[in-house]
Structure formats: structure tokens, C-alpha cells
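**Q** Each chain, letter by letter, is given below.
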Amino acid sequence: MKPLPEPESLRRSGSFGLPDLAVILGVLALLGVVAHVGAGSMVSFRPPDVSPTVSLDPRNLPDYAARSTLRMFIALAASLLFTLIYGWLAAHNRRAERVLVPLLDILQSVPVLGFLSITVTGFIALFPGSLLGLEAASIFAIFTSQVWNMTFSFYQSLRTVPKELGEATTLYRLSRWQRFTRLELPSAAIPLLWNAMMSFGGGWFFVAASEAISVLNRDYTLPGIGSYVAAAIAAQDLRALGWAMATMAVVILLVDQIFWRPLVAWSDRFRMELSASGDAPESWLYDLLTTAHIPRLVAEASTPVLEGVDRLMSALLGPVQDREEAPAPPGQERLFNLALLVLIGALLAALLHFVLTQVGLAEVATVFRLGLLTLARVSLLLVLASLIWTPIGVAIGFNPRLARLLQPLVQFLASFPANFIFPFATLFFIRSHIPIGWGSILLMALGAQWYILFNAIAGAQTIPSDLREMADDVGLKGLQRWRKLIIPGIFSAWVTGGVTASGGAWNASIVSEVVSWGSTTLAASGLGAYIAEATGRGDWPRIALGIGMMSLFVVGFNRLFWRRLYDLAESKYHL
Amino acid sequence: MDLITVDHVSKRFPLPDGKGEFTVLGDVTLSVHRGEVLALLGRSGSGKSTLLRIMSGLIRPSQGEVRSNGIPMRGANPNLAMVFQSFALLPWLTVQENVELGLAARHVPLAERRERALKAIDIVGLDGFENAYPKELSGGMKQRVGFARAFVLNPEVLFMDEPFSALDVLTAENLRGEIDDLWNAGTFPSKSILIVTHNIEEAVYLADRVVILGSKPGRIRGELQVNLPRPHDRNHPRFKALVDYIYSVMTNPDIAVTGEVEGPESGAAAAGAGPERSAQRSSGSPFARPLPHVRVGGISGLLELVAEKRDGDGSIPQLAQRLQLEVDDLLPLLDAAVLLGFAEVADGDVRLTAIGRDFATTTILRSKDLFRQQALGRVPVLSSIVHTLQEKENRAMRSDFFLGIWDDYFPLQEAERQLATTVDWGRYAELFEYDAIEGRLYLPS
Chain A
1 MKPLPEPESL RRSGSFGLPD LAVILGVLAL LGVVAHVGAG SMVSFRPPDV SPTVSLDPRN
61 LPDYAARSTL RMFIALAASL LFTLIYGWLA AHNRRAERVL VPLLDILQSV PVLGFLSITV
121 TGFIALFPGS LLGLEAASIF AIFTSQVWNM TFSFYQSLRT VPKELGEATT LYRLSRWQRF
181 TRLELPSAAI PLLWNAMMSF GGGWFFVAAS EAISVLNRDY TLPGIGSYVA AAIAAQDLRA
241 LGWAMATMAV VILLVDQIFW RPLVAWSDRF RMELSASGDA PESWLYDLLT TAHIPRLVAE
301 ASTPVLEGVD RLMSALLGPV QDREEAPAPP GQERLFNLAL LVLIGALLAA LLHFVLTQVG
361 LAEVATVFRL GLLTLARVSL LLVLASLIWT PIGVAIGFNP RLARLLQPLV QFLASFPANF
421 IFPFATLFFI RSHIPIGWGS ILLMALGAQW YILFNAIAGA QTIPSDLREM ADDVGLKGLQ
481 RWRKLIIPGI FSAWVTGGVT ASGGAWNASI VSEVVSWGST TLAASGLGAY IAEATGRGDW
541 PRIALGIGMM SLFVVGFNRL FWRRLYDLAE SKYHL
Chain B
1 MDLITVDHVS KRFPLPDGKG EFTVLGDVTL SVHRGEVLAL LGRSGSGKST LLRIMSGLIR
61 PSQGEVRSNG IPMRGANPNL AMVFQSFALL PWLTVQENVE LGLAARHVPL AERRERALKA
121 IDIVGLDGFE NAYPKELSGG MKQRVGFARA FVLNPEVLFM DEPFSALDVL TAENLRGEID
181 DLWNAGTFPS KSILIVTHNI EEAVYLADRV VILGSKPGRI RGELQVNLPR PHDRNHPRFK
241 ALVDYIYSVM TNPDIAVTGE VEGPESGAAA AGAGPERSAQ RSSGSPFARP LPHVRVGGIS
301 GLLELVAEKR DGDGSIPQLA QRLQLEVDDL LPLLDAAVLL GFAEVADGDV RLTAIGRDFA
361 TTTILRSKDL FRQQALGRVP VLSSIVHTLQ EKENRAMRSD FFLGIWDDYF PLQEAERQLA
421 TTVDWGRYAE LFEYDAIEGR LYLPS
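Chains as they are written, first to last, in the numbering used here: chain A, 1 to 575; chain B, 1 to 445.
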């Protein structure tokens with residue numbers, strides 16, 4: 001309970017203060033930046049004659065970084081909109097659910113850069129004469145890297161809304177819109193926010209990869225920090241690369257402080273527990289916003305508007321209907337199932353036809369072999385990264401002070417786009433004559449390893465200290481301590497980290513198996529290189545085949561390997 | 001005209017894989033009269049919550065009809081408001097916003113909404129907490145918000161779904177008393193109250209009329225009129241006689257509820273129930289007969305307590321009070337003790353048998369032997385499983401096999417609970433062992 005007098009009333013009585021000034025200036029500055037950067041997308045672009053170029057002058061970096069960041073946020077907004085609609089439909093319509101959820105599972109396994117390869121020509125054709133096509137392709141790639149996670153999280157939250165809360169909203173006759181805004185969205189807010197934050201961090205990798213891309217034997221460049229790095233690589237300019245990395249680090253920190261932190265602090269109110277929790281997340285910006293008057297005034301002024309929206313949307317969407325309420329007649333259900341089967345059969349037939357006529361079975365076998373090679377790389381990476389990082393992660397996790405210090409750092413490293421470091425590694429491979437077949441493992445690991453470290457830390461923290469004391473007490477040491485206590489204790493966290501890392505590695509393989517420095521290009525033999533080369537040539541059937549094969553590998557790997565480990569973690573090693 | 005009429009309602013859920021249906025409620029007919037407090041009393045599995053949800057329009061009955069003021073209902077009934085066991089408050093809304101929820105849904109103008117909500121908050125004694133969030137409140141205060149949210153709508157009937165059972169004993173007592181005072185004062189915001197509970201004292205204290213539900217399938221066994229001046233005096237002989245009577249009826253599922261309670265103000269209207277019959281009971285398979293969900297440790301704990309008393313028997317209401325156990329926790333323990341032949345229950349008293357006394361007082365090893373002997377002799381499902389395992393060459397069997405058999409008689413969730421309870425008993429009796437990872441039952445070597 002709060003001490004008297006209520007801080008609320010004190011704030012209200014105070015006059016316009018410094019916080020308000022800060023809020024006004026901040027909002028104006030933000031609007032200015034967005035307007036300036038947004039205008040840049042209208043640069044003239046008429047392939048093959050006019051194409052935008054990137055200058056390596058570091059003074060242009062803030063502008064480039066701002067453009068890349070704007071892309072990220074547009075993609076985030078699109079992801080959110082998609083998530084809300086798709087997740088809501090899947091959770092509320094039983095038929096839609098049966099199509100949408102498996103579809104989501106498949107889409108999730110398609111490599112993100114694969115979406116880019118497939119769609120970029122279409123987008124360019126859609127907006128002739130401006131950068132908007134490339135812009136859209138890049139944003140779409142980022143969108144696909146963020147959206148599936150968020151949608152799954154939202155759908156799952158909707159399905160697990162506490163039953164009595166759902167009943168209360170039905171009984172108190174809330175409309176669908178009111179139920180959505182007052183119950184469903186708030187109860188999904190925290191997991192959705194965390195998923196968005198994680199996906200956003202991963203998105204930098206794809207913004208960097210999608211801004212400079214070769215399609216149909218042409219190099220396309222979209223001004224941004226990613227294309228700046230690409231240009232620096234072409235010019236073999238190490239200094240420019242250093243500037244780019246520093247800028248990226250600043251941008252990640254700024255976005256975290258200005259956007260995610262305040263959101264996380266604000267969203268703490270949507271916690272489901274009905275009792276107060278110990279430490280709430282903090283943010284200086286959120287504190288500033290809650291101290292200032294303007295946000296409150298804006299909120300008060302908009303109450304009647306919100307009331308009107310509430311009424312309008314309630315009228316549009318109608319009253320709540322229970323899932324149980326209209327059971328479909330069995331005949332109709334059978335017809336629906338039949339239609340689904342026919343559709344799936346037709347898709348399979350089309351696929352088979354496509355493979356046989358366009359590429360031939362021999363090519364399929366070759367691609368499968370390449371897939372095995374890449375699979376071997378991904379597996380080796382996971383083993384090595386686990387062997388190296390798990391002991392370090394556990395050591396950090398067992399030391400609370402160290403963990404608190406290092407956890408944000410690891411999170412930062414995980415969201416730092418690994419492809420910014422690629423050129424340094426490439427240079428190293430060239431100088432010391434390391435074949436890229438092995439080197440690409442290191443490149444994939446640059447991004448993926450952090451998930452394993454991060455989860456090892458988190459897993460070690462969840463081992464109760466009584467258990468550790470008990471282990472000391474009975475004299476468990478060395479290997480025994482690992483086998484009896486630590487490995488079972490961190491197992492589920494390790495599985496989570498492994499799944500994420502393997503997904504990241506598959507994605508990274510497309511840009512890791514072919515790398516260049518200046519005019520030197522190193523190409524490994526693998527599925528990632530196959531896709532990258534097919535994209536460069538604009539060979540559509542082979543792009544499709546490569547991506548299809550990779551999705552198949554990812555799905556198979558998940559089903560046969562991770563799913564089982566996950567079940568084991570759930571049943572046996574649940575702390 | 002009755003406010004709510006339930007006309008020959010039954011509710012069945014389909015069993016998985018098209019194995020028929022599971023009957024939760026069978027042919028229930030009931031009315032809520034104007035101006036009365038009606039209590040639905042039953043043990044878990046009696047379908048009392050399902051009945052409440054059918055009456056509120058949250059669930060559709062499989063058969064029969066629910067009428068509100070004589071009009072057949074479709075969807076949630078606008079004339080009632082519900083108070084939930086778990087409070088069902090939205091944690092991100094303030095007390096005021098939570099109370100306004102139903103008004104906002106009816107698009108009551110903002111100013112009127114504020115005013116009415118404040119009045120309701122005032123009634124439940126939460127003045128000054130309008131801007132607090134639920135997480136800042138204690139359990140009792142949270143439920144007060146639940147009441148205010150219902151009151152603000154001035155519903156015809158107030159539904160309460162075990163409203164006090166999530167609160168500690170003292171808080172529950174206090175809030176129950178206040179709600180009763182409000183009703184007795186004649187200023188209650190609704191015309192009638194329907195309360196679902198498994199607490200016998202609570203039912204007799206609050207209600208004018210108590211309807212007793214039976215289990216498997218849920219059905220009405222009978223009803224009794226309390227016929228005491230309000231507020232009901234707990235020390236009144238009739239109050240005690242009613243509580244004792246209900247206890248003995250609820251511990252003995254086979255006697256008819258006549259409503260004939262000896263007491264000074266006898267002559268209560270009796271609405272007897274028909275002959276007790278349940279399809280599931282008469283079914284032949286040992287798997288069709290459900291075990292009460294209790295741990296063996298709980299059974300022996302209860303028996304030890306009864307054995308400590310000199311004469312070895314105890315009045316069940318006293319026992320419940322002493323253990324601070326609700327009927328839902330106590331009665332399954334008694335059921336298990338009776339099933340195993342450790343105790344007998346008659347007229348609201350529990351008496352240990354010779355074996356039961358031995359079981360309660362002997363060493364662990366011997367009590368295990370006794371338990372095994374009784375379990376094999378009196379719990380057919382255990383002997384059936386042992387028999388199946390003995391017939392197998394490797395003396396082991398996947399638990400899914402047995403789960404499949406239970407699945408024929410119960411919904412999946414209940415089938416899983418039956419498996420868990422059976423495994424617990426079988427392990428204690430050392431009849432078989434269970435590997436949870438592989439999901440395998442096997443005979444000890």
C-alpha cells in the first residue's frame with residue numbers, strides 16, 4: 001500500500017515541469033527523424049540505369065542506421081497486426097485453427113532469407129521506378145523473421161486465458177471487441193512483448209542481409225547500415241567496418257533504452273498473478289513519462305474518443321460467442337475435411353510435377369546430399385558450442401552477481417547482427433588458408449552460440465540452491481556433479497537454447513557458406529551456398545527446390561530430434 | 001412466476017474416440033423462486049458447477065430447457081450476475097474499472113457508470129480502494145470486488161459459485177456474515193440468491209432451501225427447507241439437526257433424502273427423490289467403478305485420528321470441524337476407508353472395523369500387509385491389473401493400455417486421475433511398480 005499523501009495527487013497538483021518539457025522535445029525530435037528518413041525511400045531508382053549508391057563516409061552512418069531502424073519498426077508493426085488477426089482467428093474459429101496452426105508451423109521452418117529470395121523480384125516489379133520495391137522486400141524479410149514467433153505466442157496466450165475470467169466476460173455480456181481489449185490482449189501482452197523483443201533482436205541480422213542482395217545477376221542496394229557494410233566489404237575498408245559496428249552497437253542500446261525498456265516496465269501491470277511481485281522491471285524513460293503531465297492529459301482527453309471506438313467496434317464485431325456454441329453438423333465437417341485433403345493432394349501433385357519437369361530427380365538427390373552437408377555443419381556447431389559455452393554459462397549462472405552483470409551483455413551479443421563480423425572472419429580465413437567448408441561453421445556459430453550460453457546461464461539459475469548445497473553436502477564432485485545435478489537441472493533450458501540456435505544456424509547458412517572480401521569469394525559446398533547461388537542467378541526453380549529442401553530438413557530435425565528431447569525435458573527433467 | 005426454471009435438463013459430454021458419452025447431469029428439474037436463498041449442495045462430481053453454468057447460460061444443456069421468467073434462454077442470461085470462486089478479477093484493471101465492467105458492456109454513459117460503481121463499492125465496504133489494483137488487495141477484499149461487480153448490475157438473481165471457499169476460515173466467516181446481514185436487512189441488490197457450495201454449514205446458514213445433489217451422474221437427491229428465523233442461529237437445535245442430517249445423507253449415497261429432520265420445528269416440506277440408481281454403478285467391469293481420489297497416507301491419517309478417540313467412532317461433523325476439512329476433502333477419505341473395509345459409516349458417525357483399528361495402530365510393514373490384503377480382496381480394479389500383469393510373459397504392461405479401458409467409462413481427465421490413484425494404491429500395497437518415464441506398469445521382481 002502507498003504512503004500518504006498519494007504520489008498521484010502530488011503529481012496532479014504540480015505545475016508543468018521539466019519532465020513535460022523533455023517529453024515534448026522528445027516527441028518532436030522523434031517525429032522529425034521519422035519524417036526525414038521516410039522521405040528517403042522516394043529516391044529515384046530505375047534499373048538498370050539508375051541505382052542508389054552507398055557512400056563509405058562515416059558521417060552518413062547515422063542516416064543509414066536510422067533508415068535500417070525505421071525498416072525494423074515498420075516490420076514490427078506489420079508483424080503485430082498480422083499476429084493479432086491471425087492469432088485471434090486461429091484461437092476463435094475451430095476450422096480456421098485446423099488450417100492456420102499447422103500452416104504456421106511450416107512457415108516457421110522456412111528459412112527467412114528464403115522468403116527474401118522468393119519475393120524480391122516480385123516486389124521490385126510491383127513498384128517500378130522507386131526504392132519502394134526493395135524497401136518492401138527488405139521489410140518483408142524482417143517481418144518473416146519476427147512474425148511467426150509472435151503469432152504462436154499470441155495464439156497460445158489466447159488458448160490459455162483462465163477459464164473463469166472468460167466466463168466472467170461472457171456473463172457480464174462484454175462484446176467481442178471488449179473481450180479482446182479488456183481480457184485477451186492484456187493477458188497476452190507480456191509473452192507477446194518478450195517474443196517481439198527477442199525476434200526484433202534477431203531481425204538486425206536480416207536487415208543487414210536484405211539491404212544488399214544480388215538477384216538476377218544484378219546487385220541491388222538499399223541505403224542502410226547493412227548495405228554500408230556490404231560496400232565496405234567490396235572496398236576492403238576495415239575502418240568503415242569498425243564505424244559500422246560501433247554505430248550498430250549504439251543503435252541496439254538506444255532502441256533498448258527508448259523503446260523496449262519502457263514497454264517492459266509498463267507491461268508489468270498485465271502480470272496474471274493477483275498478488276504483488278517482488279521486483280518490477282524499471283526504466284528511466286517510463287518513470288519520466290509517468291511523472292510528466294502531458295501523457296496523462298492526452299489520456300484524459302482521449303477518453304471520449306476511446307469510448308466511441310469501443311461502441312463502434314462492439315457494434316461491428318458483435319457479442320461474444322463461445323467456441324462450444326455452434327457444433328457443426330457432421331456432414332459439413334466431413335465436407336470440410338475432404339476439401340482440405342483435396343487441397344493438400346493438389347499441392348503435393350503440383351510440387352511433384354514441378355520437381356520432375358523443372359529440375360529432375362538427379363538434382364533433387366544432389367540437393368539432398370548438400371542438405372546433409374549443411375546438417376553436419378549445424379550439428380557440429382551445436383556440439384562444439386554446447387561443449388564450450390555450457391560450462392561457462394553454468395559458472396556464470398551459479399554466481400548471482402556475475403550473472404546480473406553479464407546477462408544483459410549476452411543478450412546484447414545475441415541481438416548484435418553476426419554478419420557485421422563476417423568480413424573479419426573471412427579475412428582471417430583467407431590469410432590463414434582455412435577452407436570455408438570448416439570456416440562456415442564458425443560463421444554460423446557467431447550468431448547462434450549466444451542462445452546456448454544465454455540459456456545455460458538461465459538454466460543454472462533455476463537450479464535451487466538447496467539442491468546445490470545438498471550436492472556439496474553429499475560430496476558430489478566433477479563429472480558426478482555434472483551428471484547427477486547440473487545436466488538434469490539445465491536440460492530443458494539447454495533444449496530451448498539448442499532449438500533456437502539450430503534455427504539461427506540454418507538461417508545463417510545461406511549467408512555463411514558463400515562469403516567475399518573485395519573481389520575474393522569463398523564458397524563452401526552446402527545447401528546454403530546452393531540457395532545463395534541460385535538466388536544470384538535468379539534461377540527460380542532451384543531457389544524453390546533449395547528452400548523446400550531446407551524447410552524439410554528443419555522440420556525433420558525438429559520432429560525427430562528436438563521434439564523428443566523436449567518431451568524428455570518436460571516429463572523427466574522438470575524442476 | 002419463478003425467476004429461473006430448469007426443466008428436465010441433462011448434460012452429457014462425448015467421450016474421446018466416439019466411445020459414447022459421459023453423463024454429468026441426468027434429468028434435473030429445479031426452480032429459483034422470487035425472494036429466496038437457494039443452496040445447491042453436493043460433493044465434487046455431482047455436477048453442481050455444471051448445473052450452475054447451465055442455469056446461467058454459459059453452457060448449453062444436452063437436453064431439456066432453462067427458462068428465465070418463463071422465457072426459454074439463449075446464451076448468457078442478462079438477468080443474473082455471478083460471483084466466482086477464483087474472484088475472476090482482471091488484474092490490470094483497478095477496483096473501479098473491474099466493478100464497471102458489466103456497465104461498460106451495456107454502454108452505460110461514463111458519468112452514470114462512475115456513480116453506480118462507487119455506490120456498489122460503498123456497499124461492500126471498499127471505500128477508498130477505488131483506484132487500487134486487485135494485486136494490492138487481500139483475498140477477502142478481492143471477493144468484495146467480485147460482489148460489487150455483481151451488485152452494480154442489480155441482477156434479478158445473484159449466482160455464487162463457492163464464493164468463500166478460496167478464502168481462509170476467518171475471512172470467509174466474516175464475509176459470509178456480512179452478505180447475510182445485507183440480505184436480512186432487505187436492501188440486497190438482487191431478488192434471489194443461488195449459491196453452490198460443498199460446505200454444509202454454509203448452506204444451512206445462508207439458505208432458505210437446500211437442494212442436495214447426488215453423484216455419478218449428477219442428479220437431485222432431494223431438498224429440505226431450513227425453516228429457521230433469519231439470521232439462522234448456529235446454536236439452534238434445528239440448525240444442528242439439519243447439519244447432522246445432511247452429513248449422514250451425504251456420507252451414504254444410497255439412502256433417500258426425505259427432508260424429514262427431527263427438530264423442534266419439524267414438519268418441513270419434504271420433496272423426496274426417486275429411487276437411487278446409477279448406470280455406472282451397476283456396470284460390470286472393475287474399471288467402471290471409480291476409486292475415490294485420495295492418497296493412502298491420507299486414509300491412515302484419518303483412521304489414526306478416529307482410533308485415538310476412546311470408543312473408536314466419531315461424529316463426522318465434529319471430525320470435519322476438528323480437521324478444518326471441507327466435505328470435498330473429508331468424504332473421499334471416508335469413502336476410501338469404507339471401500340477398503342477399514343471403517344463403517346452410519347447415521348453421520350464413522351466407526352472403525354477390527355482391521356481398520358489394526359491398520360491405524362500397527363507398524364508400517366504390517367499396515368502395508370493389511371492394506372494389500374484388503375485392496376486385493378475389495379478393490380477389483382487392483383486385482384484385475386495384477387492379474388493382467390501376471391499373464392504377460394515379461395510381467396509388464398504399458399499404462400496406456402489400462403488408461404484406454406478407463407477411457408471407455410470416463411472423460412480423459414478423470415481416466416488419468418483414476419490411473420494416478422490406482423498407481424498410488426498399487427505402489428503402496430507393493431502389488432506392482434510403475435515407471436513414469438516409460439509409462440509402464442510391472443510386477444515387482
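A hint or two may mislead.
[As the list claims (entries may be wrong)] In silico DSSO-like links for lysine-lysine, alpha-carbon gap of 30 angstroms or less:
{"id": "1", "chain 1": "B", "residue 1": "K392", "chain 2": "B", "residue 2": "K368"}
{"id": "2", "chain 1": "B", "residue 1": "K240", "chain 2": "B", "residue 2": "K135"}
{"id": "3", "chain 1": "A", "residue 1": "K163", "chain 2": "A", "residue 2": "K484"}
{"id": "4", "chain 1": "A", "residue 1": "K572", "chain 2": "A", "residue 2": "K484"}
{"id": "5", "chain 1": "A", "residue 1": "K163", "chain 2": "B", "residue 2": "K240"}
{"id": "6", "chain 1": "B", "residue 1": "K119", "chain 2": "A", "residue 2": "K163"}
{"id": "7", "chain 1": "B", "residue 1": "K392", "chain 2": "A", "residue 2": "K572"}
{"id": "8", "chain 1": "B", "residue 1": "K135", "chain 2": "A", "residue 2": "K163"}
{"id": "9", "chain 1": "A", "residue 1": "K572", "chain 2": "B", "residue 2": "K240"}
[Claimed, not checked] A short, non-exhaustive set of chain B residues, derived as facing chain A with CB atoms under 8 angstroms:
{"id": "10", "residue": "L30"}
{"id": "11", "residue": "V108"}
{"id": "12", "residue": "L110"}
{"id": "13", "residue": "A111"}
{"id": "14", "residue": "R114"}
These aren't lab readings, by the way, just hints derived from the structure by calculation.
Even for Gly, the Cβ is constructed at its ideal location relative to N, Cα and C.
**Q** Against each hint, give a clear statement of whether it holds in the structure.
**A** Hint check results:
1. For the given pair, K392(B) sits about 25 angstroms from K368(B) by alpha-carbon distance, which is consistent with the 30 angstroms threshold.
2. Distance hint between K240(B) and K135(B) is unfulfilled; the C-alpha atoms sit about 39 angstroms from each other, more than 30 angstroms.
3. For the hint pairing K163(A) with K484(A), the CA-to-CA distance comes to about 39 angstroms; that exceeds 30 angstroms, so the pair is violated.
4. A distance of roughly 13 angstroms separates the Cα atoms of K572(A) and K484(A); the hinted pair therefore holds under the 30 angstroms criterion.
5. A distance of roughly 37 angstroms separates the Cα atoms of K163(A) and K240(B); the hinted pair therefore is violated under the 30 angstroms criterion.
6. Annotation: proposed proximity of K119(B) to K163(A) holds, straight-line Cα distance about 29 angstroms (limit 30 angstroms).
7. For the given pair, K392(B) sits about 27 angstroms from K572(A) by alpha-carbon distance, which is consistent with the 30 angstroms threshold.
8. Straight-line distance between C-alpha atoms of K135(B) and K163(A) comes to about 19 angstroms, which keeps the hinted pair within the 30 angstroms bound.
9. In summary, the hint linking K572(A) to K240(B) is not supported, as the alpha carbons are separated by about 51 angstroms, beyond the 30 angstroms threshold.
10. With a cut of 8 angstroms, the hint placing L30(B) at the interface with chain A is violated, because the nearest CB-to-CB distance is about 19 angstroms.
11. With 8 angstroms as the threshold, the beta carbon of V108(B) stays out of range of chain A, its nearest partner Cβ sitting at about 11 angstroms, so the hint is violated.
12. Look at L110(B): its Cβ gets to within about 6 angstroms of chain A, closer than 8 angstroms, so that hint holds up.
13. A cut of 8 angstroms between beta carbons decides the hint on A111(B): the least distance to chain A is about 11 angstroms, and the hint is violated.
14. Annotation: interface hint on R114(B) violated; nearest CB of chain A at approximately 12 angstroms, more than 8 angstroms.
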